[in-house]
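For the sequence shown, our numbering begins at 29 and goes up steadily by one.
Since the hints were made in silico from the structure, they are not lab data.
Note that this is a predicted model, so its numbers are computed, not measured.
Any given hint could be a false lead.
[Said to hold, decoys possible] No farther apart than 30 Å at their CA atoms in a straight line, the calculated lysine-lysine pairs in the DSS-like style are these:
#: 1; residue 1: Lys129; residue 2: Lys185
#: 2; residue 1: Lys41; residue 2: Lys185
#: 3; residue 1: Lys40; residue 2: Lys158
#: 4; residue 1: Lys40; residue 2: Lys129
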Amino acid sequence: MLLLVPFMNQPKKAVKALLVGVTIPLIFYVITVVMVIGALSVDGVVLRTWPTLDLIRSFEISGLIFERFESLLLVVWIMQIFATFTITYFAAALGLAQLTKKSIHPFMFGLLPILYILAMIPKNINDLFKQGDFVGHVALFLFGLLPLLLLIISRGKGGTDETNA
């Protein structure tokens with residue numbers, strides 16, 4: 029979300045927008061976790077692949093237009109995945125463009141084959157979960173340990189925490 033601040037018309041309102049943008053999904057996630065664990069128990073949640081879908085399937089209200097509520101949940105989930113993907117894809121292309129001081133357009137198209145190959149690696153759901161775990165471990169290093177290491181190196185070389193604009 030902080031990547032979008034330079035593109036805002038009023039960057040001073042970024043803190044408020046960030047808080048609203050984080051708080052609303054956080055409330056939904058907390059409610060979902062409490063409901064799923066409350067209905068299925070911790071052991072039931074651990075044994076299921078997608079416990080939220082299982083909980084939604086257990087509700088049945090006859091006479092409504094939607095008798096299968098998981099379809100609605102899957103539509104919202106796909107929209108969320110698309111929104112997350114587009115922002116992340118833009119951030120990756122923009123980062124590479126700024127790193128190399130070139131236009132963003134070649135990177136937008138150049139990342140597509142890489143993503144396609146990465147998407148074709150898992151052959152089944154177990155491979156997909158293993159790949160997700162690997163990405164999680166790499167992200168922990170990239171966004172947790174690497175900035176700390178770079179900060180230590182910067183301080184060791186006499187760098188300051190001020191940036192020159």
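Quick one, are Lys41 and Lys185 close enough, alpha carbons at most 30 Å?
violated (35 Å)
*Hinted pair Lys40 and Lys158, Cα distance within 30 Å*: violated (41 Å)
Pairwise hint evaluation, Lys129 against Lys40, where the allowed Cα distance is 30 Å at most: Holds, at roughly 27 Å.
Check: Taking 30 Å as the top limit, are the C-alpha atoms of Lys129 and Lys185 close enough?
Finding: Holds, at about 26 Å.
Comparing the model with each earlier hint shows violations of hints 2 and 3; every other hint is respected.
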